[in-house]
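Student: Sequence:
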Amino acid sequence: MPDISQTSKTSPTAFFSLLDDLIASQFPNATPSSALQQLGTPSISIAVLTASEILTHTISSPSSPANTDTLYQACSISKPICGLAVLRTIDQGKLSHDDAVTKHLPAEYIDAISTPKPRRLLDHLTIAHLISHTGGTAVSGFPGYDCNGAFPSLTTVLQGSVGSNTPQIRISRLPGLKWRYSGGGTTILQAILESIHKKPLPEIVRELVFEPLGMTRSFYKDTLSNGEANFAKCFATGVTETSPARWHVQPELGAAGVWTTPADLLKAQRGIRDAALGKNDFSSRELARKGITAVDGADGYTYGGWMSGTNWFGHGGSNNPGYRCRTLLCFDHDGTGQLGKAEGEGIAVMTNSALGQDVYLKVIQAVAYLRGWPGRDVLGLHEIGNAVIPLSLSNHQIDADWEDWEGRWEVFGGKDQTDEKDVRRGQVLEIAELQGKPCLKLDYLPYMQLVQAAMPPVRYEKEAKQGIDLVVDGLDMMVSLGYNDAGECELQIWPGLFEEPLECCAVE
Numbered sequence: 001m002p003d004i005s006q007t008s009k010t011s012p013t014a015f016f017s018l019l020d021d022l023i024a025s026q027f028p029n030a031t032p033s034s035a036l037q038q039l040g041t042p043s044i045s046i047a048v049l050t051a052s053e054i055l056t057h058t059i060s061s062p063s064s065p066a067n068t069d070t071l072y073q074a075c076s077i078s079k080p081i082c083g084l085a086v087l088r089t090i091d092q093g094k095l096s097h098d099d100a101v102t103k104h105l106p107a108e109y110i111d112a113i114s115t116p117k118p119r120r121l122l123d124h125l126t127i128a129h130l131i132s133h134t135g136g137t138a139v140s141g142f143p144g145y146d147c148n149g150a151f152p153s154l155t156t157v158l159q160g161s162v163g164s165n166t167p168q169i170r171i172s173r174l175p176g177l178k179w180r181y182s183g184g185g186t187t188i189l190q191a192i193l194e195s196i197h198k199k200p201l202p203e204i205v206r207e208l209v210f211e212p213l214g215m216t217r218s219f220y221k222d223t224l225s226n227g228e229a230n231f232a233k234c235f236a237t238g239v240t241e242t243s244p245a246r247w248h249v250q251p252e253l254g255a256a257g258v259w260t261t262p263a264d265l266l267k268a269q270r271g272i273r274d275a276a277l278g279k280n281d282f283s284s285r286e287l288a289r290k291g292i293t294a295v296d297g298a299d300g301y302t303y304g305g306w307m308s309g310t311n312w313f314g315h316g317g318s319n320n321p322g323y324r325c326r327t328l329l330c331f332d333h334d335g336t337g338q339l340g341k342a343e344g345e346g347i348a349v350m351t352n353s354a355l356g357q358d359v360y361l362k363v364i365q366a367v368a369y370l371r372g373w374p375g376r377d378v379l380g381l382h383e384i385g386n387a388v389i390p391l392s393l394s395n396h397q398i399d400a401d402w403e404d405w406e407g408r409w410e411v412f413g414g415k416d417q418t419d420e421k422d423v424r425r426g427q428v429l430e431i432a433e434l435q436g437k438p439c440l441k442l443d444y445l446p447y448m449q450l451v452q453a454a455m456p457p458v459r460y461e462k463e464a465k466q467g468i469d470l471v472v473d474g475l476d477m478m479v480s481l482g483y484n485d486a487g488e489c490e491l492q493i494w495p496g497l498f499e500e501p502l503e504c505c506a507v508e
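Read in order, the letters of the sequence shown correspond to residues 1 to 508 in full-length UniProt numbering.
Worth flagging that the hints you see were computed from the coordinates, not collected in a lab. Source: prediction; values computed, not measured. The beta-carbon is built from N, C-alpha and C at its ideal position, and this holds for glycine as well. Worth double-checking, as some hints may not be accurate.
[What the hints assert, rightly or not] Calculated cross-link-like contacts (lysine-lysine; reagent style DSSO-like; alpha-carbon spacing at most 30 Å):
#, residue 1, residue 2
1, Lys465, Lys437
2, Lys221, Lys199
3, Lys465, Lys441
4, Lys198, Lys233
5, Lys290, Lys94
6, Lys341, Lys465
7, Lys103, Lys290
8, Lys290, Lys279
9, Lys103, Lys117
10, Lys199, Lys103
11, Lys221, Lys198
[Said to hold, decoys possible] Cβ-Cβ distance ranges computed for the label pairs, FRET-style:
#, residue 1, residue 2, range
12, Asp476, Lys117, 44 to 52 Å
13, Leu177, Thr31, 48 to 56 Å
14, Lys117, Ala30, 54 to 62 Å
15, Tyr483, Ala229, 53 to 61 Å
16, Ala229, Lys103, 18 to 26 Å
17, Glu461, Gly176, 34 to 42 Å
18, Gly176, Asp401, 27 to 35 Å
19, Thr50, Tyr460, 27 to 35 Å
20, Thr293, Arg173, 19 to 27 Å
21, Asp476, Gln397, 21 to 29 Å
22, Glu410, Ser17, 14 to 22 Å
Could you build all of it, start to finish, from the sequences and the hints given here?
Tutor: Put into C-alpha cells, the structure is as follows:
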C-alpha cells in the first residue's frame, strides 16, 4: 500500500481503487467482489463525505449486482431520519421535546399502548424520552414481515394484537429512569407525527427532510413500488440468498422503514451538521445542536435520535433477513481541533447480508486509514464496533518499534468474583521475530505471522510515538501494541468483534 499521507489527496477513482486492492488482498488470487463474498456480503455500497463532495462506490458480485443508485434498507438509521422530521416539526412550533405523548397521540393509539396500572405514566412520557430511548417503552426491534405475505396495520403493531409478530408497545419501566433501546418508542413518534401533520409518515418526511436535503433516492415505504428493480435483495452469507423472502416489509416505518443509498444518508447527516454550525436553515442552530449531542444517561443517544460518540455522530442498522449498515460523520463536539484530515468528513456503508456488520466495520476502518483520519485516541471508531478486527496490509512495512514488545506476556482476562482485579488465565503469549517478521505464539501452539492492520494508529503524545496494531495473519484476532500512563509498553489481544480485549502483562 502507498504512503497514507497521500491517499486522501488522490482522485476518487484512485482512492477507491486503493480500497478495492486492499479488499482483494485479503485472500489469495481474489478479486474485490470475490473477496467481499468471502468476507461475508455479496455487495457493498459506500459513500465518503469530503470537505467538498460526496464520493460513491460499489463492489458487487454477479449474484447481487449493484450501482451507486441501488436501494438498501436503512434499518434503524430510519430512526434518526424520523428524528429529523421531529426536529423540523418542533421548529415549526407544532411540537416540543417536553410535550407529553398524550397531548398529541389520538385516543385509539393511547388505548392501544395503555395497560391499566401504568396508564397515568403516559402523561409524563415525553417526546424527549421517546427520541433518546429513555422512555421505558417496550419492544426493542422489529423482525419485519415476509415481502410475499400480509403485514399488520400500525394500530395492530402498537397493540401487539393478532397479526403482529411483536408484543404490545407499552410502558414497562419508569420514564426517564434508565436508557433502553426501543424501536417501539419511535413507532409511537411515528403515530404522533402523523396525527400532527394529518398525513402519513412517508409524505411528512419527504416534505420536511428528503426534498430540502436533496435526498432524491430515499423514501419510507412498506412495500417497493411496482417496477422498482434496482434494489439489493437479501443474503444470509456472501453467497447464499435468503429464501423465500428477498426482503422484509417494515410497517414500523419510523423505526426501520427507509429505503435509501449511502450518499443520501450522508446528505442527511451533512444537513443537520451544517444546521448545528449555523451554515443552513434546515433547523435552528440550537435545536440542531441538541439533535447531535449526547443526552446524559442515554448511552450516547441524542434528542435527534442519533448516536453521539468521541468526535462523531451517526447510527447503525440491522434488518432481517439481511441488511446491515452504518453512517458516521466526524464532528468536533468540543471544539478541540484534533480531527485533522477527518474534519468535515464522513462515511456511510450499506450491505445486503446478515453477516454484513463485520464487513462494514472493516471497511470503515480501512477508509479511515486510507483517508489519514486520526486513531481511536481522537476519533472513537472503536465505539461503533468494539474490538473489530481490521483488514490486513500483508505487504506493508511494519514500524521497527514493534521489537520493543518482543518477549513473553502473561494473558489476563475478565474479572474475579469481586470484580476488582483481572483473572490470571495461566497462558503465556510470546512475540518474536522469525525470518525477519514479527510473529505470535500462544503456549504450545505454533508461531503465527503478524501483519499491519488497516486502521488508524493511536498517537501517544508523551512518547511522541504511535501505537502499532497487528492482525494475526489468517485469523480474526489482533494484537495492539501501545503504552501505559508511565510510558511502558503494554499489549492487548483483540479476540474479535464485540468481545472485550484481553490485557497482557510482561513476564520478567
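Student: Are the Cα atoms of lysine 221 and lysine 198 separated by 30 Å or less?
Tutor: 18 Å, holds
Student: Could one say that the CB atoms of glycine 176 and aspartate 401 fall in the range 27 to 35 Å?
Tutor: 49 Å, violated
Student: Determine whether the Cβ-Cβ distance between alanine 229 and lysine 103 falls within the hinted range of 18 to 26 Å.
Tutor: Distance hint for alanine 229, lysine 103 is violated at roughly 43 Å.
Student: I want to verify a distance hint. Is the separation of the beta carbons of aspartate 476 and lysine 117 within 44 to 52 Å?
Tutor: 48 Å, holds
Student: Given the hinted pair lysine 103 and lysine 290, is their Cα-Cα distance within 30 Å?
Tutor: 22 Å, holds
Student: A range of 14 to 22 Å was offered for this pair. Does it hold for the Cβ distance of glutamate 410 and serine 17?
Tutor: With a Cβ separation near 44 Å, glutamate 410 and serine 17 fall outside 14 to 22 Å, so the hint is violated.
Student: Starting from lysine 290, check that the Cα of lysine 279 is at most 30 Å away, please.
Tutor: 16 Å, holds
Student: Within 48 to 56 Å or not, the Cβ separation of leucine 177 and threonine 31?
Tutor: Once the Cβ atoms are compared, 52 Å apart, the range 48 to 56 Å for threonine 31 and leucine 177 holds.
Student: Holds or violated: lysine 103 with lysine 117, Cα cutoff 30 Å?
Tutor: Status holds; Cα separation ~20 Å.
Student: Do the Cβ positions of aspartate 476 and glutamine 397 conform to the proposed distance bound of 21 to 29 Å?
Tutor: 24 Å, holds
Student: Next pair to validate is lysine 290 with lysine 94; report whether the Cα-Cα distance is within 30 Å.
Tutor: 18 Å, holds
Student: Quick check on a hinted range of 27 to 35 Å for threonine 50 and tyrosine 460, using CB atoms only.
Tutor: The hinted range 27 to 35 Å holds for threonine 50 and tyrosine 460, with Cβ atoms some 28 Å apart.
Hint check: violations occur at hints 4, 16, 18, 22; the rest are consistent with the structure.
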